[in-house]
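We have chain A; now place chains B and C onto it with these hints.
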Amino acid sequence: MFIRNCWYVVAWDHEIPADGLFARTVIGEPLLLYRTEGGEVVVLEDRCCHRLAPLSAGRKEGDCVRCGYHGLKFDASGACVEIPGLASVPPKARVRRYPVAVKNHWVFAWMGDPALADTATLPDNFSCGDPDWHYKPGYLHYDTPWALIADNLLDFSHLSYVHEKTLGGTPAIAQARPTIEKVPRGVRVSRHVADVPPPPFYLRMKPFDGNIDRHFIYDFLLPATLLMHSGGRPTGTTASDGPPSVQLHSCQALTPETENSTHYFFMQGVPTAQGGAGLVDNVFASLVQAFNEDRDMITAQARIIAMKPDAPMLPLAMDSALIQFRRIVDEALRAEA
Amino acid sequence: MFIRNCWYVVAWDHEIPADGLFARTVIGEPLLLYRTEGGEVVVLEDRCCHRLAPLSAGRKEGDCVRCGYHGLKFDASGACVEIPGLASVPPKARVRRYPVAVKNHWVFAWMGDPALADTATLPDNFSCGDPDWHYKPGYLHYDTPWALIADNLLDFSHLSYVHEKTLGGTPAIAQARPTIEKVPRGVRVSRHVADVPPPPFYLRMKPFDGNIDRHFIYDFLLPATLLMHSGGRPTGTTASDGPPSVQLHSCQALTPETENSTHYFFMQGVPTAQGGAGLVDNVFASLVQAFNEDRDMITAQARIIAMKPDAPMLPLAMDSALIQFRRIVDEALRAEA
Amino acid sequence: MFIRNCWYVVAWDHEIPADGLFARTVIGEPLLLYRTEGGEVVVLEDRCCHRLAPLSAGRKEGDCVRCGYHGLKFDASGACVEIPGLASVPPKARVRRYPVAVKNHWVFAWMGDPALADTATLPDNFSCGDPDWHYKPGYLHYDTPWALIADNLLDFSHLSYVHEKTLGGTPAIAQARPTIEKVPRGVRVSRHVADVPPPPFYLRMKPFDGNIDRHFIYDFLLPATLLMHSGGRPTGTTASDGPPSVQLHSCQALTPETENSTHYFFMQGVPTAQGGAGLVDNVFASLVQAFNEDRDMITAQARIIAMKPDAPMLPLAMDSALIQFRRIVDEALRAEA
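Residue numbers (the working numbering), protein chains in the order written: chain A, 1 to 337; chain B, 1 to 337; chain C, 1 to 337.
Chain A on its own, in the form it takes in the complex:
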């Protein structure tokens, strides 16, 4: 069961070639992604209406795609426009076309009722497309349900343990209590951690003589997008002393592939003023290392859950944000039912 009436990130725009076909499964549905001659992204059902072969095994012809099995040709609206050997095309010969939006290098598809597609609900992933921010785009594939990854992102107390040697560096993150607020389509989590050692990857960005005050302020929005400002400044300094020494903005999106597998699109932006390409590579490498730590843990957790799917979890104070977000998801599912 997935929410349908929302925008899912289905690709980084660089994944879709100028000439050629790209396939990805989203919420259990096979999608074909390609570009028209004008460069516009098209998302069609990747399943020929005739014998159900994937159109992605065929070829692009101008703004159209031709099935590689028996040669049916579809235009960018999903309508079949040619059937070899037939003088006319029956009106039922078409595949589903999904509304598309491209915003700051994220390609979104609307998986539900096209009439409800509303670009006003696209997330504000500004740092993916702002010349004042540098980043490298990331993608990971998970063999776990998406919700376990969302749980992870909604409780940063795991930074102290999963990422002890990478993003975390101190148990104080787990000990700090964040504030949780309801925002439209999600929750806002704000966590301030005072007087802690800078984490290993901050040290590769800036020299620090002593402890720092860190902050993590993020929105987690339907269907499963994280937009986060984070950073730190030397303990004892305040806003009146200038901006934080380290400032980062991160955009991350989880897109279910199937009930038990997930696409994870992510980036960590660094202000251009703060450093060059070397720094961006460095931050990206840290992020990938940490996200692999998460994936190892969540994959292990999923394996244990699969052994006894009805084993109860014990809710604790640190689960507040994720419990609230699961409630928002349940409400959205009920509203669609």
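Don't take every hint at face value.
Identical chains blur together in the list; that is why a pair holds if it fits in one copy or across any two.
Unchecked claim - Simulated pairs of lysine-lysine, DSSO-like, Cα-Cα distance not exceeding 27 Å:
id, residue 1, residue 2
1, Lys-308, Lys-60
2, Lys-73, Lys-308
3, Lys-136, Lys-206
4, Lys-73, Lys-165
5, Lys-165, Lys-136
6, Lys-92, Lys-182
7, Lys-60, Lys-92
8, Lys-165, Lys-60
9, Lys-103, Lys-308
10, Lys-92, Lys-308
11, Lys-182, Lys-103
12, Lys-136, Lys-73
These aren't lab readings, by the way, just hints derived from the structure by calculation.
Relative to chain A, chains B and C alone:
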């Protein structure tokens, strides 16, 4: 659900060693194949009646087979003739024996009621055993249901697309409308394609100055056997100018291994008058390349179908033969039910 | 369905490091094994009560273990003693602790009601811990249900066929009829085989001029433990001529991992008086070779059974011990139901 009362091709005869055991699963049943001292092929249930170990993990002893687990010995009729440590053998100690026929190098087993086994229904795979025809025997394993492969073979319009660079070479094949006739136990498909370029593999057989007229005339018979005459002659010539420049005969058989996997036995015969071993190698290589193209497409199709097993297909004019054949299969299944 | 109120071998004691965590799944339950500072083995449920991550992905801290996901800390009783960021720990925060016994290098866990754990029912695996016996500890993993392996061990007629070239060497073993007696928690199987060639691996232990008399006397006890005296002496000699030329004692235990996979712990002890380390290596190599022969056969058998799970087996005289033991298992299961 499989048709049982019919002959299934279970092996090429060269696959069964003179001395040794050969195992193959057919319509979900494990078969043991071996030869008596006299060379006759025996097909037994590959499952010892005692503890269900596969007899193929044992050894051949004369015309018998001995289970490698606890030493029960079975003769070529499937009767247990010795149990180590027991003076007498209980009458229930036996494994099923399947009627066998060997015809032109194809080994057939009758999977249903032995009393109904009738060699008159064996297909006329003459070119597999005629000194006037050369060929190399082929085998492919599919991880898909057999019916999707039968569908492929019953509609050659796919030649224009799946085999564009191998067997096909022109959209005219898809555009030509074949005639479909009912024949005993199946359908006959006759397709004539006029004035088209010779396909790449014809060119390796014969020089052609210009376009040719091609023909494909085949019977597709229960359970899933294709017997085809095909070939071509220069456009503008007729039978009165002599036989076709290229003449081929192909025998192909699909045998379900399980609900979701299939054995594919095939050959393409070339008249000995038309060329020697080099040509046969060449034709075989083309065929294997093309059949791998089919397998890639059908495997992709099966993957898409598995994602939504109830997705409807859209019947089109080109599906006429396969729809007729599916009806013949359904009738046979109903008759056995 | 597994028997719960019994001791299962869960590890050789050398498998559990002095410092570190060891994970093993037993009867479908994930177990964490580690040692206290004092060296005592602890077995806990390997599933954090909070979000169900495996504790084995965390770290040992003194006598405690800390979850690697959100940092909950558990003591050796399974009680949670610290939750980062929480002043007090809710009483429900705990994981299951399993009673443990270590006897002669086998580590046992009691998987049922702790109040019923009774070390009097531990098997007498004396040769695993006696300075007068040498051995090398063995472990094999099976991808089959445990009961098929127990069946194998309860009928040594298979030695003549599965182990013809290793432990067996003669059909006379299968032809000899063992006596079967009921003993507490199991059966005793005694098989004497007179006047047979020494098996290949005996010859590597002792020179023999002619045939020997062999014996195999073993108890097979709940849940699935084999304790066996075996050996042989030159045919024509008797106890009054001195002890058998070859004397062995073997301890073997099957522990279900899941319904379809099994842990197999085994050793073959040789009296120190009978030879040194070279001999022990030799015996171990023979045993591993033979046990791989068993695994190949049982895995093949399980594959055939999976194709038709309701295929009946044909009970024969040689199945007497295994039928009796299956009845004992069924009684134990019924008693727990």
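Between the shortest in-copy and the shortest cross-copy C-alpha distance, which are at most 27 Å for Lys-165 and Lys-60: within, between, both, or neither? The answer is between: 17 Å across copies meets 27 Å, while 47 Å in one copy does not.
For Lys-136 vs Lys-206, is the C-alpha pair at or below 27 Å within one copy, between two copies, both, or neither? Answer is within; shortest intra-copy Cα gap is 19 Å, inter-copy 56 Å.
Check Lys-92 against Lys-182 for me: Cα-Cα at most 27 Å, and say if that holds within a copy, between copies, both or neither. neither (45 Å within a copy, 29 Å between copies)
Check Lys-73 against Lys-165 for me: Cα-Cα at most 27 Å, and say if that holds within a copy, between copies, both or neither. between (53 Å within a copy, 19 Å between copies)
Between copies, within a copy, both or neither: which fits Lys-165 and Lys-136 at Cα up to 27 Å? within (22 Å within a copy, 40 Å between copies)
Up to 27 Å between alpha-carbons, please classify Lys-136 paired with Lys-73: within, between, both or neither. Neither. Shortest intra-copy (37 Å) and inter-copy (37 Å) distances fail the 27 Å Cα cut-off.
How would you classify Lys-308 and Lys-60 at a CA-CA limit of 27 Å: within, between, both, or neither? Close across copies (25 Å), not inside one copy (46 Å); limit 27 Å.
Measure nothing new, just compare the shortest in-copy and cross-copy C-alpha distances for Lys-60 and Lys-92 to 27 Å and report within, between, both or neither. within (22 Å within a copy, 60 Å between copies)
At most 27 Å between C-alpha atoms: does Lys-92 with Lys-308 qualify within a copy, between copies, both, or neither? between (45 Å within a copy, 19 Å between copies)
If the cut is 27 Å between Cα atoms, do Lys-103 and Lys-308 qualify within a copy, between copies, both or neither? neither (41 Å within a copy, 31 Å between copies)
Is it within a copy, between copies, both, or neither that the alpha carbon of Lys-182 lies no farther than 27 Å from that of Lys-103? within (25 Å within a copy, 58 Å between copies)
Within, between, both or neither, where Lys-73 and Lys-308 count as close if Cα-Cα is 27 Å or less: Close across copies (22 Å), not inside one copy (47 Å); limit 27 Å.
The earlier numbered hints that this structure contradicts are 6, 9 and 12.
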